[in-house]
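S.K.: All chains, please: the whole structure from these sequences, using the hints.
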Amino acid sequence: MRKLALSDEILLTIEKPARYIGNEVNAVNKDFDAAEVTFAMCFPDVYEIGMSHLGMQILYDMFNQWEDTCCDRVYSPWVDLDAVMRKEQIPLFGVESQRPIKEFDFLGITLQYEMCYTNVLQVLDLSQIPLLAKDRTEEHPIVIGGGPCAYNPEPIADFFDLFYLGEGETQYRALLDLYKGCKKNGTSREEFLAKAAALPGIYAPQFYDVTYHEDGTIASFTPNRPDIPARVTKEIVKDVTNTCYPKKPLVPYIKATQDRVVLEIQRGCIRGCRFCQAGMIYRPVRERSLEFLQETASEMIKNTGHEEISLSSLSSSDYSQLEGLVNYLIENFGKKGMNISLPSLRIDAFSLDVMSKVQDIRKSSLTFAPEAGSQRLRDVINKNLTEEVIINGAGMAFDAGWNRVKLYFMLGLPTETDEDRKEIAYLAEKIARRYYEIPKDKRNGKVQIVISTSFFIPKPFTPFQWAPMLPTKRYLDLARVVNTTVKEQLNKKSMTYNWHEAETTTLEGVFARGDRKVARVILKAYEKGCIYDAWGDKMNFQTWVDSFHECGVDMDFYTLRERSLDEILPWDFIDVGVTRKFLEKEWERALAGETTPNCRQRCSGCGAMKFGGGVCFED
Amino acid sequence: MKIRMKFVKTGTLRFISHLDVMRYFQKANRRAGIDICYSGGFNPHQILSFAAPLGLGLTSEGEYADLEVHSTLSSKDTIAALNAVMTEGMEVTGWVKVPKECKPAMAQTAASDYLVYFREGYEPEDSEAFIREFQEFLKQESVVMEKQTKKSVAQVDIRPMILQAEAEMRQLDDNKNLCHTTDRPQLCLYMLLTTGSSSNLKPELVMDAFAGFSGRTFAPYALQIHRLESYADIGTEEQPKLVPLLALGEEIEQAYSDTKE
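Chain order of the listed sequences is X and H.
Read in order, the letters of the first sequence are residues 1 to 619 in our numbering.
Read in order, the letters of the second sequence are residues 1 to 261 in our numbering.
Just so you know, these hints were derived from the structure itself, not from any lab.
Just to be clear, a hint being listed does not mean it is correct.
[Unchecked claim] With a cut-off of at most 35 Å between alpha-carbon atoms, the simulated DSBU-like pairs for lysine-lysine come out as follows:
1. H:76 / H:176
2. H:241 / X:255
3. H:2 / X:302
M.R.: Below, the structure written as structure tokens:
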């Protein structure tokens with residue numbers, strides 16, 4: 001019987017012990033000792049969140065297909081086990097092998113959102129690995145970070161040996177082969193890292209020096225060795241049909257946030273909404289073939305026994321073979337108690353028809369994401385969605401029986417005024433009135449409209465990366481304008497308004513566009529006990545404010561400043577395809593309220609074409 | 001048709017909850033291609049119900065679930081199909097057809113038997129004395145304990161609910177369904193206890209009672225409990241007759257399909 005790292009006594013005193021036992025359905029359980037390279041993949045949040053992440057499933061499957069590699073998984077221990085592990089000095093371990101992370105060759109940490117940074121430190125700390133990369137020796141694992149936040153790695157650069165920029169399917173084989181070769185030759189850790197930095201997509205922070213102007217902006221960012229490249233270009237998978245994909249995804253014992261088969265249908269997005277980082281960094285859009293998706297869906301369903309399948313992409317309506325795929329799923333699985341979930345769909349005749357076939361209309365809601373209340377502001381952010389399309393779409397849905405609507409907006413967008421904010425409430429009101437145009441005997445009761453706003457955070461590699469944010473307290477004023485206006489509407493009883501909190505917004509804003517000076521603040525906040533900052537009830541803003549103060553780092557420098565176009569930004573050394581020139585042009589067009597067509601309408605020469613694949617080359 | 005399934009839950013799976021077990025089998029049934037019936041309505045679910053839930057930390061080789069299926073392969077083939085999609089620690093050991101009128105396993109369970117023994121480092125040194133004390137404990141006419149009911153605490157005589165019990169040194173490691181076994185004989189208690197909605201006795205309460213009687217204290221998490229079997233009573237009030245729940249069904253020799261039932 002498997003021996004566990006934690007005793008029964010500990011497992012029976014903590015919440016959800018199944019988080020730490022591994023052995024899930026489809027777990028590979030490779031022989032740790034027989035492997036030439038051992039790789040611990042980490043999602044720095046609690047197990048249920050980590051198990052819902054598709055990226056980890058893809059890489060876990062890929063690594064374990066290689067005979068010489070053993071890939072295990074590790075997640076942040078919940079606060080109860082965290083306390084026990086510190087008290088008893090129990091080293092953090094992989095869930096399958098139950099072996100300490102410090103015994104692995106690599107620790108790969110995926111960085112999906114900025115608020116997980118203190119959890120990264122928690123994982124390193126509990127693994128008994130030095131938090132600062134410069135303190136690590138030959139006996140410690142190589143710590144490598146990946147995922148969207150790696151596109152501005154600077155605030156956490158001090159904690160990582162390497163970063164992988166881009167899609168993980170391409171360069172890991174070369175990296176692991178290099179590692180094996182270096183180990184055989186007795187190459188030093190530092191030399192291995194320098195050689196790794198020569199691989200495409202790999203960034204080794206220790207080989208770059210940053211200097212600053214008096215005003216705090218970056219003066220220079222340069223390699224400190226001749227064999228290190230000045231810029232690092234992201235990696236993408238050119239052909240997403242002929243690449244690895246997990247046919248036997250892991251199925252956890254406890255309920256994960258995503259308790260379903262997740263099928264990624266394409267990568268990237270043609271729309272070019274100016275606030276959206278994912279849309280820019282995953283360019284060019286690349287579709288997986290219909291046959292591949294049909295086959296893969298069937299296999300994943302068979303191998304997991306899940307009762308729901310979800311199609312994942314940034315904008316599923318733009319997948320050219322959507323109809324064929326959805327019909328295939330409905331025909332083959334619709335009857336056998338299988339739920340089909342289709343997020344990210346435009347609301348039109350096709351999608352309504354599909355949704356009515358796969359969902360219980362009475363329980364599901366229609367989701368629109370106008371993001372801005374007025375057409376003027378939607379043009380600024382390049383969100384191509386008119387009021388006419390929204391009202392018509394809602395109307396069709398109401399005629400078909402829907403009576404729940406969700407509307408997503410952002411507040412704090414560039415050039416936004418109170419008038420734009422009030423338009424949010426007016427739009428909801430127009431939708432409500434459209435509902436009540438249906439004769440009473442044909443309606444299903446009252447309509448329920450839920451309006452939800454988050455606060456806009458400028459992100460790297462978007463046209464808005466130069467935009468200033470607002471002071472924390474000011475965000476609530478914006479929400480108040482919307483709230484007051486909603487309450488003035490005729491159909492206010494049909495509307496609910498939810499808004500996000502502002503403190504996390506400010507912190508996330510600092511991390512998103514921060515530089516290396518922010519690292520010491522993250523370390524200080526962690527030392528003061530901050531972890532699980534992504535969890536609203538656990539985030540302690542005052543401790544963060546104190547940490548910034550004690551480290552002499554000014555939050556406002558990163559958030560409130562409008563950056564100048566000639567400033568060197570911390571992430572400028574990365575080439576994501578989309579050029580800085582393109583982003584500057586888009587920023588100017590945004591301020592002038594001009595829209596830009598999508599990739600299929602007309603190519604705008606963003607620069608993604610250099611990768612030689614995807615929509616840029618569609619006929 | 002109605003099926004009764006018997007399974008083992010052991011190893012590291014002692015740390016998944018009863019609800020997790022239910023969800024686990026829902027997915028395992030689909031992986032194995034079991035032709036299970038779904039309920040009607042807008043939220044169809046598998047017609048699958050489990051017998052007495054097993055607490056977290058306990059192991060068992062006598063767990064039961066009843067299902068409705070449209071068709072089935074032979075018992076042998078179905079068990080093989082299910083075990084091919086199981087994970088270590090869960091094993092299906094029985095698959096029988098039960099009559100339509102058969103009450104659900106949960107309602108039918110009248111008694112269960114258990115092994116209670118000690119985790120590493122917790123076994124008392126004075127096993128001989130322990131065994132003697134336990135025999136004395138059982139000689140009592142009545143054993144009154146406070147039992148927590150839904151609304152209040154009641155004084156209940158649990159002695160009649162201990163149908164059989166003994167303490168002895170036993171070689172436990174030849175039963176592969178047990179964890180915390182060693183290669184030496186271990187101090188072990190066997191007990192057959194009344195189970196059910198009207199009258200239910202858990203081994204933990206028996207151990208609490210014994211602790212009170214003998215003056216011993218058992219550290220938290222000292223005891224490992226393993227359910228051996230669940231029984232129905234097919235006898236009469238005067239002459240109870242306990243049989244394993246599986247015995248109420250019959251082995252399926254060949255694949256079978258429901259045409260009209």
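S.K.: If a hint holds in the structure, say so; if it doesn't, say that too.
M.R.: Each hint tested on the structure:
About 21 Å separates the Cα atoms of residue 76 (chain H) and residue 176 (chain H), which keeps this hinted pair within 35 Å; it holds. Proposed proximity of residue 241 (chain H) and residue 255 (chain X) is contradicted: the alpha carbons are some 41 Å apart, above 35 Å. With a C-alpha separation of about 24 Å, the suggested pairing of residue 2 (chain H) with residue 302 (chain X) holds against the 35 Å cut-off.
Hint violations for this structure: number 2 only, all remaining hints satisfied.
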